[in-house]
Amino acid sequence: MKKILIPIILILLITISVRAQEKAAAGYSPTSLYTISWAVSLPIGDFSNFINKLSFGGGSFAGRYFVKKGLALGFEFGWNNYYQEYPRETYYGSDGLAITGIHYMYAFIIPWEAGAYYYFIPSGIADPYVGLSLGGDYMEEHILIQEYDIYKTQWGFIMSPEAGVLFKFGRYSHWGANISAKYWFNTNSFSFTGNKTYDLMQGLNFNIGLCYLLR
Amino acid sequence: MNRNIHMLSKVAAVLFMFSCASYPGLDSRLAEDLVDITKYDVNTAFSQFRTFSIVDSVTVIKNGTDSTRVLNPQAQSLLAEITANMQARGYTLVNLKTGNPDLGINVAVVKVTNISYYYPGWYWDYYGYYDPAYWGYSGYGYWYPYYPPEVTYYNSGTVIIDMLDLKNAKIHDNKLYVVWNAYIRGLMTGYHTTQDILGNVDQCFAQTPQISAH
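If you're matching them up, the sequences are chains B and E in order. The opening residue of the first sequence carries number 1344 in my numbering; numbering runs sequentially from there. The opening residue of the second sequence carries number 95 in my numbering; numbering runs sequentially from there.
To be clear, the hints were calculated from the coordinates, so they are not data collected in a lab. Everything numeric in this text was worked out from a predicted model, so none of it was measured. Errors might be hidden in some of the hints.
[Claimed, not checked] Pulled a few chain E residues facing chain B out of the computed Cβ check, cut under 7 Å: (1) Arg123; (2) Glu126; (3) Val129; (4) Asp130; (5) Thr132; (6) Lys133; (7) Val164; (8) Leu165; (9) Asn166; (10) Trp237.
[What the hints assert, rightly or not] Output of the computed footprint for chain E on chain B, the stretches with three or more beta carbons under 8 Å from beta carbons of chain E: (11) 1433-1441; (12) 1445-1451.
Beta carbons are placed, not taken as given, at the ideal position from N, Cα and C, and that holds for glycine.
Next up, chain B with everything else stripped away, as it sits in the complex (with noise of 0.2 Å):
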């Protein structure tokens, strides 16, 4: 449900922003922006095998440069943290050891990414997006059971399409907020014990940033 309800909000909010363009008078087009935002994240299809709680350890920092009007090229770097515990289950090594016992699972994920975005109203108050970002990520996955810390470390290709707004906080302000879906997917594969396996890593992330704009 929630998979559904987070796009149809924000496809509501490009459609009522844009609306209100229509009337508004233009104020100005910024030449760049720089954004950190805090990233809520929903792992899904194999990498919720692993862990399938939703995690709200994350955040981002980017930059981006407007080549020509509305378009946009730039940086992002991020990071999300994943959690889950499982209850009591046995995990067994390649080497002979099995444990049985809770299992902490815990992925950490670093992508650096560089994108393009095209804005649909630059000089507007509330200023649709979508883009596409392309790039490497640094991954760690581990299980934590006991003083056992099992974990595999490991860079991989990201890419990753979003669609979000940018709403000035006034027309002449330097400031603004930005709201973003992103999907994104990468190259890592993870394989531990049972069915905690992914070939593709997928993940949802819902991100709120603080924007300082320049004109």
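Using the hints, position chain E against chain B.
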């Protein structure tokens, strides 16, 4: 501009603190109740063994020199449960002196609170622990033929079961190989009935299906 950068960096700092997910630390994970840790030697074929023998009492290792051997009803049921599991896997219980067992089983309960960290096999030399001479191999030492299980904290109370390869002792250069280890940890972290502990003995065997005479 500087003020704005300060503002952004403050927001970033607060956000970072807020968004760091936490998971339970080592102390809290170790305080968990009744955890079963086992490790077997992947190079040992357990089907080569047919018979076994088990110690006649349980060594209780306590702080200082209070260690002792006990055979109270709880210790008896612990030994009986291990025996029943071995028999269910097709091994025959034989007399140590007359039956020439292929496998030997040591059982200890550790209840120490004064030290929290130990190296692998630390309890082999402890007072009250059955030494290789008990199994007829005087002058031998216990030995892990594999990288020992990482069980380093014992102050929550632990049952330790060591399975010894007696059949091949003579070709192992004065070493009695420990081919399987089981640890039931958390005896002192809560209230446990004997039945709870016996259930965990069963789990130790259940998670090692390799132990089988067939």
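Hint check results:
The restraint placing Arg123/E at the interface with chain B holds, with a minimum CB-CB distance near 6 Å, inside the 7 Å limit. The beta carbon of Glu126/E comes within 6 Å of a beta carbon in chain B, closer than 7 Å, and the hint placing it at the interface holds. Contact between Val129/E and chain B, as hinted, is supported at the beta carbon level, the nearest pair being about 4 Å apart and thus within 7 Å. Using the Cβ-Cβ criterion of 7 Å, the hint placing Asp130/E at the interface with chain B is satisfied: the shortest such distance is roughly 4 Å.
About 5 Å separates the beta-carbon of Thr132/E from the nearest beta-carbon of chain B, less than 7 Å, and the hint is met. For Lys133/E, the interface hint holds, since its Cβ comes within 7 Å of a Cβ in chain B; the closest pair sits about 5 Å apart. Nearest Cβ of chain B to the Cβ of Val164/E: about 26 Å, over the 7 Å cut. The hint is violated. Because the smallest distance between the Cβ of Leu165/E and any Cβ of chain B comes to about 28 Å, over 7 Å, the interface hint for this residue is violated.
Using the Cβ-Cβ criterion of 7 Å, the hint placing Asn166/E at the interface with chain B is not satisfied: the shortest such distance is roughly 26 Å. Checking Trp237/E against chain B by beta carbon gives a least distance of about 16 Å; that is not within 7 Å, so the hint is violated. Residues of the stretch 1433-1441 of chain B lying with their CB closer than 8 Å to a CB of chain E number 6, which satisfies the three-residue condition for coverage. As drawn, the stretch 1445-1451 of chain B meets chain E at 3 residues by the rule of a beta-carbon pair under 8 Å; at three or more, the given contact holds.
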